[in-house]
Every structure is written in structure tokens, then in C-alpha cells.
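Under this note's numbering, the first residue of the sequence shown is numbered 21, with each subsequent residue one higher.
Hints are supplied without guarantee of correctness; some may be wrong.
Cut-off 25 Å, straight-line C-alpha distance, at most; resulting in silico cross-link-like pairs (PhoX-like, lysine-lysine) [as the list claims (entries may be wrong)]:
hint: 1; residue 1: Lys46; residue 2: Lys101
hint: 2; residue 1: Lys229; residue 2: Lys331
hint: 3; residue 1: Lys186; residue 2: Lys254
hint: 4; residue 1: Lys331; residue 2: Lys256
hint: 5; residue 1: Lys256; residue 2: Lys186
hint: 6; residue 1: Lys148; residue 2: Lys31
hint: 7; residue 1: Lys186; residue 2: Lys148
hint: 8; residue 1: Lys125; residue 2: Lys148
hint: 9; residue 1: Lys364; residue 2: Lys90
hint: 10; residue 1: Lys125; residue 2: Lys101
hint: 11; residue 1: Lys186; residue 2: Lys125
hint: 12; residue 1: Lys254; residue 2: Lys364
hint: 13; residue 1: Lys363; residue 2: Lys195
hint: 14; residue 1: Lys195; residue 2: Lys148
hint: 15; residue 1: Lys101; residue 2: Lys148
hint: 16; residue 1: Lys331; residue 2: Lys363
hint: 17; residue 1: Lys256; residue 2: Lys229
hint: 18; residue 1: Lys46; residue 2: Lys125
hint: 19; residue 1: Lys46; residue 2: Lys59
hint: 20; residue 1: Lys256; residue 2: Lys364
hint: 21; residue 1: Lys229; residue 2: Lys101
hint: 22; residue 1: Lys229; residue 2: Lys186
hint: 23; residue 1: Lys363; residue 2: Lys254
hint: 24; residue 1: Lys363; residue 2: Lys256
hint: 25; residue 1: Lys59; residue 2: Lys90
No lab work stands behind these hints: they were computed from the structure.
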Amino acid sequence: MSLFVPFNDPKFTTLAQMIYRMQFEKDPLLSQEFDDRRKRLMYADITYNISFLFTAVRFQEENIFIEYAKWLHELLISLMKDFTRERVTAIIVDHYEVMKTVIEKEGSSILSQQEIRTASGYLESAVKATLDRRNEDFSESGFLQGDHLEIRQAYLQALLEGETEKAEEIIEQAKNGGITLLDIYEHILAKTMHEIGVLWHRNIISVDKEHYATSVTQTVMSHYFEEIFSRPRKNKVLVSLAVGSELHEMGIRMLSDIFEHEGWDTHYLGAGISLEKVMESIRLHKPQLVALSVTMPPYLPHCEEMVRGIKEAYPELLVAVGGQGFECSSTLWRDWGADYCGKKAIDLLRWAEYPCKS
């Protein structure tokens with residue numbers, strides 16, 4: 021079965037509500053510890069947890085849920101500063117055990133018996149992963165690795181201090197100093213925005229600051245459109261989009277700019293685009309390559325539908341996928357019939373240039 025169940029589906033809602041109620045029954049102290057705001061956030065988290073679990077079960081990829089469980093543990097440790105680390109860990113472990121109980125008893129309206137057994141196993145693994153990490157410090161994000169560290173640090177600091185003009189000047193000076201636009205995109209802008217996401221995850225900056233950094237970086241990128249669009253053309257076409265209702269579009273936008281800079285004509289469709297609209301764009305623009313980006317794993321079923329639909333209609337058309345949604349699986353994209361999966365836009369460009377040459 022599909023296992024992509026919308027949050028507003030009655031079966032999904034019933035399951036989430038049962039888990040919510042049972043967690044308070046299992047741990048009555050929560051009613052005193054959580055105010056109304058935290059209770060609302062807890063219910064929202066339950067819906068996300070179910071969605072990630074169902075995605076993992078659908079694709080038989082336990083790592084999707086385990087990596088999410090690790091991410092969630094770090095996030096809640098950061099957000100719930102008024103709770104001890106041990107208490108936060110206990111709440112999370114209780115939650116996975118409650119999920120397991122409810123799904124085993126009531127999950128048959130959505131899952132097969134085999135899928136229920138699989139989900140139970142994944143939840144047991146999530147408990148173990150959470151307990152194994154309960155005393156671990158946060159891992160290094162990778163921001164300090166790679167070329168142009170000093171410029172990257174200066175740009176990040178300007179964003180954190182809300183100095184828009186300074187941030188723009190730092191990138192302009194880097195460009196005037198001989199750093200290529202591709203290096204600016206890959207080593208400065210992309211890595212800085214990843215670090216911004218890490219800082220939000222660790223509750224060091226607010227979501228407003230994250231949105232501000234995104235806005236400034238998009239503005240910085242726009243300064244180079246004249247250069248990007250004035251480069252010699254190669255008579256190659258890229259259609260790109262973020263799959264599902266993604267809010268994380270920066271990576272695929274950068275990819276589109278990099279391809280445009282290297283002579284491709286690009287058509288970025290945005291996010292939340294239906295397969296029908298993608299097909300219309302393919303018919304209209306006749307691309308050599310379609311690039312699909314997924315950040316959140318629950319959108320992987322949408323991506324599978326896109327890849328299979330495109331390949332059925334256009335078997336020879338190259339389809340590439342990427343984004344954080346694929347970091348927990350090395351084989352899904354091959355099973356769907358996609359031609360490429362990778363992390364870096366420049367690597368996709370190098371790959372695409374060879375099969376796409378006339």
C-alpha cells in the first residue's frame with residue numbers, strides 16, 4: 021500500500037490522537053510539565069514522527085527513521101533547556117514505546133500485519149539509538165572544513181548580526197578577489213546556509229533569523245544573474261523543482277543557477293508542483309535533464325511518483341535526484357529508475373555534461 025497518508029486523513033488523525041492521549045496516561049507528570057503551547061507542539065511532533073516512520077516502512081529503509089530519531093533527540097535537547105537531558109530522553113523513549121503499542125493494536129486500518137511488525141522493529145531500534153546518544157555531545161557540522169573558511173565565517177557572522185550590507189560586501193569582495201562564482205555558491209553560500217540550519221536545530225538562533233539568512237542569501241545570488249545569464253549557451257535544457265510542499269528550496273535554486281552559469285537554459289518550477297505540471301514543462305521545454313530535490317523524507321513517495329511517471333513517458337530523458345532526503349538510502353533512486361543521485365550541484369553538472377553532449 022502507499023503508506024503516504026496525509027496529516028488530515030481520519031485514519032492518520034485517529035492514530036496520532038491515540039498516541040497523544042496514551043503518552044499522558046503513561047506519564048501523568050507531563051500534564052504538569054507541559055503548558056498548552058508545548059502540548060500543541062507535542063501533537064504536531066507526533067504527526068511528523070508517524071510520517072517519518074511510515075516513510076521508512078514503505079521503503080523498507082530503517083535508517084530513514086533512525087537518523088530522524090537521532091536528529092529529533094538533538095533538537096529536543098536543545099529546545100527543552102528547562103528539562104534535564106535525562107528527562108528529555110525518557111520522554112522520547114516513552115513516546116516510541118507508546119507509538120509501538122498503539123500501532124500494534126490499532127495500525128491495521130493503515131498498515132498490513134507485516135508493515136506493523138516492521139514498524140515495531142524500527143521503533144525498538146529508535147529507542148536504542150536514542151539511549152545510545154543520551155550522553156553524546158553534538159557532532160561537528162563540517163562548517164570548519166573546506167576552502168574559503170575565513171570568508172565563510174565572516175559571511176556567517178554578518179548574517180547572525182543582521183548586517184545585510186556587510187554580508188553582501190563580503191561576497192562581492194570575494195568575487196572581485198578572484199573566487200569563481202561556482203566556488204562562492206558551493207564553498208561559501210551553500211555551506212553557510214547548512215550551518216544556519218544546524219544553528220536553528222541546536223536552538224542557537226530563531227527561525228526568524230534562519231529566514232532572514234535565507235532572504236539575504238537569495239538577494240546575494242540575484243546580484244549575479246546578469247553574469248549567469250550572459251554566458252555562452254550550450255543548447256542544453258534543465259528542468260528542476262523541489263518535490264512536495266518543500267520550504268527548503270535553496271539547494272535546488274543554487275543548482276539551477278550553476279547550470280545556467282555553465283551555459284544551460286534552466287527552468288526552475290519551484291515547489292508543490294504536480295506531476296501533470298512537470299510533464300507539461302517537459303513537453304514545452306524539451307530538457308535533456310530533470311532534477312528533483314527532496315529535503316524531508318516524507319516527500320520521497322512524491323519523488324518516486326515523479327521519477328516513475330517521467331521515465332514511463334520519456335524513457336530516454338535523464339532524471340537526477342538529490343537532497344537530504346536521500347542521505348539515508350543509497351539504492352532507492354536506482355529502484356525507481358532515476359539516472360543519478362548526488363549531494364553537490366557541481367558533481368551533477370560534470371556528470372550531465374558527458375551523456376548530454378551532442
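Okay, the hints, checked on the actual structure:
1. Lys46 - Lys101: It holds: about 23 Å lies between the C-alpha atoms, which stays within 25 Å.
2. Lys229 - Lys331: violated, 40 Å
3. Lys186 - Lys254: Measuring from Cα to Cα gives roughly 35 Å; hence the hint is violated.
4. Lys331 - Lys256: holds, 19 Å
5. Lys256 - Lys186: Violated. Lys256 to Lys186 sits at ~36 Å, over the 25 Å cutoff.
6. Lys148 - Lys31: Violated. Lys148 to Lys31 sits at ~28 Å, over the 25 Å cutoff.
7. Lys186 - Lys148: violated, 46 Å
8. Lys125 - Lys148: At roughly 22 Å apart (the allowed maximum being 25 Å), Lys148 and Lys125 satisfy the hint.
9. Lys364 - Lys90: Holds, at roughly 24 Å.
10. Lys125 - Lys101: violated, 34 Å
11. Lys186 - Lys125: violated, 57 Å
12. Lys254 - Lys364: holds, 21 Å
13. Lys363 - Lys195: Within the cut-off at roughly 24 Å; holds.
14. Lys195 - Lys148: Between Lys195 and Lys148 the Cα gap is close to 48 Å, so the pair fails against 25 Å, i.e. violated.
15. Lys101 - Lys148: Holds, because 23 Å separates the two Cα atoms, which is no more than 25 Å.
16. Lys331 - Lys363: Roughly 22 Å separates the two Cα atoms, so the pair holds.
17. Lys256 - Lys229: violated, 37 Å
18. Lys46 - Lys125: The given pair, whose Cα atoms are some 16 Å apart, holds under the 25 Å limit.
19. Lys46 - Lys59: holds, 15 Å
20. Lys256 - Lys364: holds, 19 Å
21. Lys229 - Lys101: holds, 20 Å
22. Lys229 - Lys186: holds, 16 Å
23. Lys363 - Lys254: holds, 24 Å
24. Lys363 - Lys256: holds, 22 Å
25. Lys59 - Lys90: Holds, because 22 Å separates the two Cα atoms, which is no more than 25 Å.
Violation of the numbered hints given earlier is confined to hints 2, 3, 5, 6, 7, 10, 11, 14 and 17; the remaining hints are satisfied by the structure.
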